[in-house]
Each structure stands twice: as C-alpha cells, then as structure tokens.
Amino acid sequence: MVLKVNRSMHPKILMTSTIIIVGIIIYAYVLPYFSPYNDPIRWNQALADSPPSFKYIFGTTTLGQDLFWTCSFALRNSISFGAITSAISTVIALFVGIASAYSRGKLSAILAIFIDCFCVLPALPILVLISALWTGGTFMANFALILSVFGWSWSARTVRSMILSLRERTFTYTARFSGYKMLDTIIHEYLPYIFGIILVSALNVMLWAIGMETTLAIFGLTSLGVPSIGTIIFWAMSYQALVRGIWWWIFFPIALLIIFIVALYSAAREIYMRRLGG
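Heads up: the sequence shown is residues 368 to 645, going by the numbering used here.
Derived from the structure by calculation, the hints contain no laboratory data.
For each residue, glycine too, the CB sits at the ideal point set by N, CA and C.
Please note that the accuracy of each hint is not assured.
If you anchor each label on the Cβ, the simulated ranges turn out as follows [to be verified]:
#1 Leu496 - Met640: 35 to 43 Å
#2 Ser420 - Phe462: 46 to 54 Å
#3 Ala476 - Leu398: 46 to 54 Å
#4 Pro403 - Phe562: 13 to 21 Å
#5 Arg641 - Arg471: 30 to 38 Å
#6 Leu414 - Pro378: 38 to 46 Å
Could you put the whole structure together from the sequences, leaning on the hints where they help?
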C-alpha cells in the first residue's frame with residue numbers, strides 16, 4: 368500500500384518541481400528584460416529600506432535597490448555560474464573517469480592517483496588565496512573555470528568505478544566479440560546506463576559551485592560589481608541588515624536559491640527513479 372502511494376505521488380512531485388523550475392528560470396532569464404529600471408543594480412533608484420509591499424514586492428535595500436529586480440539579475444548569474452561550472456566539470460569527469468577505467472597498467476594507476484589527489488585538495492583555502500591575489504576582482508567566467516579544476520574529481524571517481532564494473536559485464540564482451548568499437552560501446556551502452564548518476568553528480572557540482580561563489584562573495588573576494596546571490600548577502604551584511612531589522616534583504620535571495628535547488632533535486636530524483644522503473 369505504501370509503495371502504491373509513493374508511486375502515485377511521483378507525477379505530482381515531478382510536475383510541481385518542473386513548474387517551480389520553469390517559473391524561476393522565467394523570473395531570472397526573461398523578466399529582467401521587462402524591468403522598469405534601466406539598471407536594477409544601480410544605487411538610489413528606489414526608496415531605501417522599504418519593507419515588502421505591492422510597490423516593492425521583495426522590499427528595497429539600504430542602497431536604494433528594488434530587491435525584486437536585483438534578485439532576478441543575481442539569480443540569473445548564480446544559476447548560470449553553477450551550470451557552467453557543472454558542465455565543464457562533468458565533461459572533465461567523464462573523459463578522465465572513462466580513460467582511467469579503460470586504460471591498463473601504469474597509466475590506469477597514474478590516472479587513479481591523479482583523481483584521488485584532486486579529491487583531497489582543500490578547495491576553499493586555495494580558492495580564497497586565488498581570489499585574494501586576483502587583481503581587479505574575479506569575473507564569473509574565469510571563476511567558473513577555476514572552480515571546474517576542483518569540481519570534477521569526485522564525479523570522475525564515480526564514473527571510473529562504474530565503468531570498471533560495466534567493463535566486466537557479459538554484454539561488454541558480447542559487444543566486443545560482435546565487432547563493436549570501444550567508443551561505440553561507451554556511447555551506446557555505458558553512458559545511458561550511468562546517465563542518472565552523472566545527472567545527480569552534475570547537480571551536486573552545481574550546488575557546490577554556487578555555494579563556493581556565495582561563500583567567497585560574502586567575504587568580498589569575488590567581483591562585487593557583478594550581481595549574484597553572494598554579493599547581495601555581502602552588501603546586506605556590510606550594512607548590518609539583520610541587526611537593523613531589514614530581514615528581507617537576506618531572506619528573499621536565500622529563499623529563491625533554496626527553492627530552486629530543492630526543485631531541481633526533486634525533479635532529477637523523479638526522472639532518475641523513472642529510469643530505474645521505480
């Protein structure tokens with residue numbers, strides 16, 4: 368009975384998550400083009416420190432920014448940053464993981480050690496040092512490339528272990544004896560099998576990247592001229608928003624990001640469970 372109830376809830380969860388994701392994407396990528404402000408991140412464009420109201424849906428900041436429109440720009444940058452980092456990291460993870468699993472002898476051992484070394488690197492202290500030494504601020508594209516160097520290793524380790532297991536399956540030997548090339552086997556047999564795990568790993572990297580950017584931005588170590596969830600929190604903390612009772616300056620950016628991440632994970636989980644026949 369419990370299993371039937373859970374199965375019947377899956378379409379509702381997937382539909383709700385999809386609606387939320389689409390709504391947030393429209394808010395972050397489409398709505399800014401209809402902004403009443405020429406540049407929503409400019410200061411002194413609205414009445415400062417106004418609480419949420421019909422005129423200012425998310426309220427305003429001490430800097431005189433309409434938070435509803437500022438959040439749309441910031442959320443777009445944060446999501447794009449996380450997606451770019453995740454995409455680059457996933458490509459690297461697939462390439463290195465598959466190469467490590469299919470290579471033999473010393474090369475396989477070297478690649479495995481290479482992956483493990485990146486798994487244990489302390490990413491945050493290194494990123495803090497790089498951000499502090501980077502003159503002129505760390506721009507989003509450059510920072511995404513830097514984060515990708517640290518974000519691929521755990522996914523590569525997962526890919527390697529799964530390919531090592533699949534390589535010894537009966538269908539692999541059947542494909543090999545039937546004349547299939549290694550690349551054909553990887554593309555048509557292995558990748559569809561590990562798609563769900565790769566999707567979850569990519570979402571983990573995306574969440575990690577957004578969290579890292581937010582953390583460094585709070586310390587003022589990223590380009591503060593580029594709006595993101597992290598820079599909004601930085602300015603809110605700089606002006607002691609919570610102490611002064613301006614709770615909406617921090618609440619709405621964090622709430623939007625959490626809702627988007629939870630919806631993304633829920634949708635990915637339901638898609639993965641359907642692929643498994645759950």
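Hints, one by one, checked against the model:
no.	hint	verdict
1	Leu496 - Met640: 35 to 43 Å	holds (41 Å)
2	Ser420 - Phe462: 46 to 54 Å	holds (52 Å)
3	Ala476 - Leu398: 46 to 54 Å	holds (52 Å)
4	Pro403 - Phe562: 13 to 21 Å	violated (43 Å)
5	Arg641 - Arg471: 30 to 38 Å	holds (37 Å)
6	Leu414 - Pro378: 38 to 46 Å	holds (45 Å)
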